[in-house]
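Colleague: What follows is the residue order along each chain.
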Amino acid sequence: MSVDAKIVRKIAHLARLGIAEERLNPLADELNGILHWIEQLGEVDVEGVAPMASVEDVPTPTREDVINDGNISEAVLANAPKTEAGFFVMPKAVE
Amino acid sequence: MSSLNNFSLANALKGLENKDFSARELTQAHLDAIASADTLNAYLLTTSEQALAMADASDARRANGEAKALDGAPLGIKDLFCTKGTRTTAGSKILGDFTPPYESTVSGNLWADGAVMLGKLNMDEFAMGSSNENSAFGPVVNPWRADGVDEKLVPGGSSGGSAAAVAARLCLGATATDTGGSIRQPASFTGTVGVKPTYGRCSRWGIVAFASSLDQAGPITRTVEDAAILLRSMAGHDPKDSTSLKAEVPDFAAACTRSLKGMRIGVPKEYRVDGMPQEIEKLWADGMDWLRSEGCEMVDVSLPHTKYALPAYYIIAPAEASSNLARYDGMRYGVRVDGADLTETYEKTRGEGFGEEVRRRIMIGTYVLSAGFYDAYYIQAQKVRARIAEDFKAVFSKCDALLTPTAPSAAFGIGARNNDPLQMYLNDIFTVTANLAGLPGISVPAALDGAGLPLGLQVIGKALDEETCFAVGGALERAAGFDAKPDKWW
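Which chain is which? The protein sequence lines are D and X, in order. With the working numbering, letter number 63 in the first sequence gets 915, and the count goes up by one each step, no holes. With the working numbering, letter number 156 in the second sequence gets 157, and the count goes up by one each step, no holes.
Everything labelled a hint here was simulated from the structure, so no lab data went into it. Errors might be hidden in some of the hints.
Unchecked claim - Think about it this way: if two alpha-carbon atoms lie no more than 30 Å apart in a straight line, the pair counts; the simulated DSBU-like pairs of lysine-lysine are: (1) X/K247 with X/K399; (2) X/K349 with X/K247; (3) X/K384 with X/K308; (4) D/K858 with X/K349; (5) X/K463 with X/K394; (6) X/K283 with X/K270; (7) D/K862 with X/K262; (8) D/K944 with D/K862; (9) X/K489 with X/K399; (10) X/K399 with X/K384; (11) X/K94 with D/K944; (12) X/K270 with X/K241; (13) D/K934 with X/K85; (14) X/K349 with D/K944; (15) X/K463 with X/K262; (16) X/K349 with D/K934; (17) X/K283 with X/K399; (18) X/K20 with X/K486; (19) X/K69 with X/K283; (20) X/K283 with X/K262; (21) X/K94 with D/K934; (22) D/K862 with X/K349; (23) X/K283 with D/K934; (24) X/K394 with X/K384; (25) X/K486 with X/K283; (26) X/K241 with X/K94; (27) X/K85 with X/K69; (28) X/K394 with X/K247; (29) D/K862 with X/K94; (30) X/K463 with X/K241; (31) D/K934 with D/K944; (32) X/K241 with X/K69; (33) X/K94 with D/K858.
In isolation and in its complexed conformation, chain D is listed as follows (with noise of 0.2 Å):
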């Protein structure tokens, strides 16, 4: 599997990022040199594993359904870019 321009900038696009229009064949290469060396894990036998998401095989513990937090409107606003009257201030999503 091989990666050009084109996907790079898909991806890039997916993630949100903002890549040069310079950086993109640069980025094709050293994405493609990852992804050659990480494409001999198709190696391994894997028949009959499941994949392991975490190494813990305990259940996730769930907590008691309370509130334990709230009314900190101010210390959540306190490192925003921007806010108003109680909100965060964003660029308008809908037109």
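Use these hints to put chain X onto chain D, whose structure you have.
Modeller: Chain X alone, transformed into the frame defined by chain D:
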């Protein structure tokens, strides 16, 4: 009082207890050392006023007979740990002046035990790197230099600031994190001790996430006993992290002098890689001899899937990172770069805010998770991860711990290896397996190479058996008699 920063953590705590010096004096000695070490670029920020206030509070507690386990010990905190009211950057520009309104559980545990915060330590951006050259705030410089050579060397990464600060006596110990080797490899490069505990031993709450199924916090210190003392305070179950283990935290320091008689130590043949410097081969053999003379039996073992660990890691870690780092969108915190519309604002914010290596890994992660490639890459890597964990399970039925080198080389020059990302990734070849399998590992400084640079040996233990790592690590430390320290040139 200028030598107060040369004590080990254990001896500094004894000195405080004996009233040989105060926490304020100890803290001031470290602040002075930090002020004269700008060249190393180890600290991103020093919290002098807060440190002295914490030291005074500690002296008051001690006077009242209320001293806790780490009371008055000045520590450095990797800038991946959120610290309430103190800027936290993760080594990135994208977080801007992000000032957490909360404290990470691990750092909070240290303050609850009386420790003093000196400041925040430099690191590779989002903990992605093996040389600290990926920090948005410039590389950390290793306090060690080769004999008679002025070339500046890397301290390893990603916890390079932590390792350099400990080696240069700019703190008694430091917090660090390890996703693929980021505690143990810099420890090896700087002649310090680094411990990556069992996955789940330390809470990840309040630590900026890189790859959540691999990330684990641990200490970097100058002695094995110091690491044991620090880890005991850092560790413990935390309901705020669903992967935090409900396990008792033992007295790790007591394990450091435990007898090794009759212990079986595995030596994995796959860790003998092509091109490994002869000095590292020799050090490894010395390590085996030292342990034999402590009454251990060496056992040849095989971990057949070792060569697949790094490629599997470079699917799993970027996949998790691409997901974790989606939150940096410039809307709720951090820097925003405005564009013509919302999408362009996202793209500009993330394109300009993230550094080159972080962008590269987000791209890999996004690709391997994208439609059509998910099974071939991501699921396959998770299956290989299961194979690697099985390898360790099989081996630990034959031995109690494994002995390996920590890293395939000593520290290298700044700028010497950053042309090829793959070459850089190979630094973690001996450490990454323990992350994939969730096992504890310790790196202990064991010798200087021919150029006068430190080399480490690694001990990998069974899950939740850090005590055996500390016992074997302690024995290696005593046998090696490593007491070299970098000459102060900075």
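Colleague: Please go over all the hints and tell whether each is borne out by the structure.
Modeller: Hint check results:
no. : hint               : in the structure
1   : X/K247 with X/K399 : 27 Å, holds
2   : X/K349 with X/K247 : 43 Å, violated
3   : X/K384 with X/K308 : 15 Å, holds
4   : D/K858 with X/K349 : 19 Å, holds
5   : X/K463 with X/K394 : 8 Å, holds
6   : X/K283 with X/K270 : 15 Å, holds
7   : D/K862 with X/K262 : 59 Å, violated
8   : D/K944 with D/K862 : 23 Å, holds
9   : X/K489 with X/K399 : 45 Å, violated
10  : X/K399 with X/K384 : 24 Å, holds
11  : X/K94 with D/K944  : 25 Å, holds
12  : X/K270 with X/K241 : 40 Å, violated
13  : D/K934 with X/K85  : 21 Å, holds
14  : X/K349 with D/K944 : 16 Å, holds
15  : X/K463 with X/K262 : 18 Å, holds
16  : X/K349 with D/K934 : 17 Å, holds
17  : X/K283 with X/K399 : 24 Å, holds
18  : X/K20 with X/K486  : 27 Å, holds
19  : X/K69 with X/K283  : 42 Å, violated
20  : X/K283 with X/K262 : 23 Å, holds
21  : X/K94 with D/K934  : 18 Å, holds
22  : D/K862 with X/K349 : 16 Å, holds
23  : X/K283 with D/K934 : 59 Å, violated
24  : X/K394 with X/K384 : 15 Å, holds
25  : X/K486 with X/K283 : 21 Å, holds
26  : X/K241 with X/K94  : 27 Å, holds
27  : X/K85 with X/K69   : 21 Å, holds
28  : X/K394 with X/K247 : 21 Å, holds
29  : D/K862 with X/K94  : 25 Å, holds
30  : X/K463 with X/K241 : 25 Å, holds
31  : D/K934 with D/K944 : 13 Å, holds
32  : X/K241 with X/K69  : 24 Å, holds
33  : X/K94 with D/K858  : 28 Å, holds
In the structure shown, a violation is registered for the earlier hints numbered 2, 7, 9, 12, 19, 23, in ascending order.
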